[in-house]
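We have chain U; now place chain Z onto it with these hints.
Here are the chains, one letter per residue:
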Amino acid sequence: MFRAHMSVTRIWQLIEKRMMSCISVHGKLPGLQRAVGEVRRKSSFRQSPLLTATPVRALIDEQISIKGRFLSQNYPVTVCAQMHSEEGDLWEAFAHYTTNASGSINLTSDHSVGGSYVGCEPMGLFWALEPALGSREGLRLRKRNVETPYMVNISLLEGHTSPSEGQRTELAAVTTERWYMAPGVRRIEIRQNNIVGTLFLPPGPGPFPAMLDLWGMVGGLLEYRSALFASRGFASLSVAYMGHKDLPGPQHIMSVGDSYFKSAFQLLQDHCQVDADRIGVIGLSYGVVPTLRIATTIGFKPSCLICINGAVGSPLLDEDGKSKMFESDQKHWEFDDRGYVSFRNVSLPDNLPPESKRKVENITCPLMYIVGEDDLCTASTENADVIEEALRSAGKSHQFTRLSYPGAGHLIEPPYTPCSRASLWKTKPEKLFTLWGGHPAPHAAAQEDAWKRILEFMETHLRR
Amino acid sequence: MDRKQCCVKLSVQPSRGLMDEKFIVLVQNALPGSQLTIRALHQCEDGHSWEAFGHYTADTTGTIDVSEDPSIRGTYSGVEQMGLLWSLRPIPGSKPGLRMRKKNIQTPMEVTISVYQGHQTEGFADLVPLSGVVVERWYMAPGVRRIPVTEGGLTATLFLPSGPGPFPGLLDLWGGGGQLVEYRAALLASHGFASMAIDYLTSKFTMETGKMVDNQYFETAYRVLQQHPQVCGSKIAMIGLSFGTSMTLKMAIYSEVIKLSAAVCISGSHVQPVEGSVEEIMGFFQKNAGKTRFNEKNEAIWRDLLLPIPTDPSLKADVGRLQCPLLLVVGEDDQNWPAQESALDIKEMMARAGNSHLLTVLSYPNAGHLIEPPYTPHARSSTFKTVEIQEKVMCLWGGQTVEHSRAQEDAWKKILFFLRENLYGDRNPTLFSHL
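These protein sequence lines are chains U and Z, in that order. If you count the first sequence from 1, position 392 lands on 398 in this note's numbering, and the numbers rise without skipping. If you count the second sequence from 1, position 125 lands on 131 in this note's numbering, and the numbers rise without skipping.
Extracted from the complex, chain U is given alone in its bound form (with noise of 0.2 Å):
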């Protein structure tokens, strides 16, 4: 009681002394009163709240710095992040914060108390963003269109309040681009050789050293990360395997099988603007495992190697890598009780047919290996360890680099998006939602220190 006491007289003292000031202030300089005076006729003494974000265009993996200033000292504020997906749909991050005794927050030091995100977390509202309430289920966010940016709006709310309350007002707001490629850098669709792929080359003469991109077995082309490689300064080659209209036979299933990853190599390897001895591939998910076949067929010798949460082996590949229907073989699909299914049991080391695992110890390139631990997709520290055991036996363990993020889940993307825990996998004869895994917090940070890693380990093994 006594303490309460002597801080509320201690509170009135600086309050007497900063009015003290105000007041001689204020006989000395006419225009401040006048002003002064004229916003108290209109509004409170509060003046007009600025956001900034630098820089205010970015590209996807790069930190931005959020400010707001003249704003209430001590007062609780609420920053929220929105945007529309390609497809139309709203996603919204939004984080509490309390200003400081200069009426200021900046998100890079700052802590957010409450939201989607707590702590201090400089991109908490790009990784944190979540499709708005009532909204489809099963979203997850994927830019098709890498030559536009993701238009984020943010915006500065009095209070701590949430975007789905109704009434809020708003401070201020700044507009941020959010974009996959850098200027200058060059998308090239490609359609030769039974390729179906888009490159993407880094602006100036070259050559560069260039990355093949493979992704899962959701299919279809996906160019984001080869965007961003090559806004990286290396050109990047991606190619649809399944699920795209240009390639042979339905889409459901693999038609193509080791000699396309083969065409699409050589098609790096020829490229005039490429240096041939410096190409590396990555997979994500599936993509893993024509990445090891490339690795050990005799011929190709990339020079680096990234897989992440992929598997050595398939029980779908007939002798040429082609695939079976994934659906034909559901035997270790586990469900749960909303009826999402986790294929992780799938790519269990044992449940894979040894004739499909990659002779692994074959590799001469180095290998980084990125495992989620919390993926629920694929058995990824099950093959991870059994790599790495390769490896050793061979006594290339020099060769092998091991990320393991707990609570990351299988979709180890680009840094500062959000993590799609589960997403619709198909509509036909059914919805079926698969579980990918991955708490938003621990997945957030393994994307931002696995990309940071990603391009050192290219850095490294392409340039150097």
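What the hints contain is simulated information worked out from the structure, not anything from laboratory work. No incorrect hints appear here.
Simulated crosslink set (BS3-like; lysine-lysine; CA at most 27 Å straight-line):
{"id": "1", "chain 1": "U", "residue 1": "K458", "chain 2": "Z", "residue 2": "K28"}
{"id": "2", "chain 1": "U", "residue 1": "K434", "chain 2": "U", "residue 2": "K251"}
{"id": "3", "chain 1": "Z", "residue 1": "K28", "chain 2": "U", "residue 2": "K73"}
{"id": "4", "chain 1": "Z", "residue 1": "K419", "chain 2": "U", "residue 2": "K73"}
{"id": "5", "chain 1": "Z", "residue 1": "K303", "chain 2": "Z", "residue 2": "K398"}
{"id": "6", "chain 1": "U", "residue 1": "K307", "chain 2": "U", "residue 2": "K268"}
{"id": "7", "chain 1": "U", "residue 1": "K432", "chain 2": "U", "residue 2": "K337"}
{"id": "8", "chain 1": "Z", "residue 1": "K109", "chain 2": "Z", "residue 2": "K210"}
{"id": "9", "chain 1": "U", "residue 1": "K251", "chain 2": "U", "residue 2": "K149"}
{"id": "10", "chain 1": "U", "residue 1": "K437", "chain 2": "U", "residue 2": "K251"}
{"id": "11", "chain 1": "U", "residue 1": "K73", "chain 2": "Z", "residue 2": "K420"}
{"id": "12", "chain 1": "Z", "residue 1": "K420", "chain 2": "Z", "residue 2": "K265"}
For chain Z alone, kept in the frame of chain U given last:
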């Protein structure tokens, strides 16, 4: 081909920036100790090519960081983080008297930055760089809205920041060349000010009637801004350069309608017939046109037209009556206007009147007349046509490139600070003198 040099990596961060943002140019993976040239190339809207370059030596890790390492020689030397932009100059063989000004501010300025083997000084077009990147420099932040204004007979453009507002407002005036110059207003809107660029010399009205606008034109602009639902009507400032300063002071002091929260006057003067209309003020300068001098390159020097600073009070805007903070920006090598002499006289007048606490003067040795937003090339002279003299003249603006560029950077920072403090924040009066 030397394998190692093929892998030289050049990066610029951020690759998309606002015109006044700094960037970091980094070369990595070069041979330690190797000699390299970093060069910037830009083709401006009227098709002319501009270039800048610096000679560097890679350190023991094979790295060059332009923000920390010195350029040994080139269009700039020493540690100059933004030298590749402010030292841009027309490529050899270009027309004389060029000045870089962006008309379309909705697209970025694109600059190609490349790194070359060795210390090159010319013939870059025939060399193959080791690496290159493209950088975009924007006047407009995303979400800033560009709104042409024709209300009340105005020829103006309003730039609104993104967000709900209300925003403090700004009237933006340029000088005797006329036209509707938008880039500074666009940039100021990107910093949170609802900014209206005004054409007051070659407006639609003037082009159609042949008559100059009167004082009410500026008051109309003020009213339009003040009444805009997203503008905070009680927080409006005015910024003027060159002849725009004359208008700014005139309105700040004498207008019954315009009540400014702050005024910024760059490279201008308070010397003007106090009761004069725009036309009469222009006429006053014309009368003194005989005082024009020419240097050895036949470049016109107009700074003497208003000298000596008159003692007759009817020929000087009465700055003693100013009621809002005033920031004067002066280039001490201004060959076009006697900004420095005027600033001294303004200071004296305000000291006598007792309102000098409102005045802040930024004075830059060896800076010229055209003190503009930073990191754009300095033009010591250029071809110029005022609205009165219908023929182009090679006009000497003054300034030495290095000092002028530093002045632009410093002045812009302080202008933004001044505007924020007076239009946005809790005004702490001690901050005025800390500029």
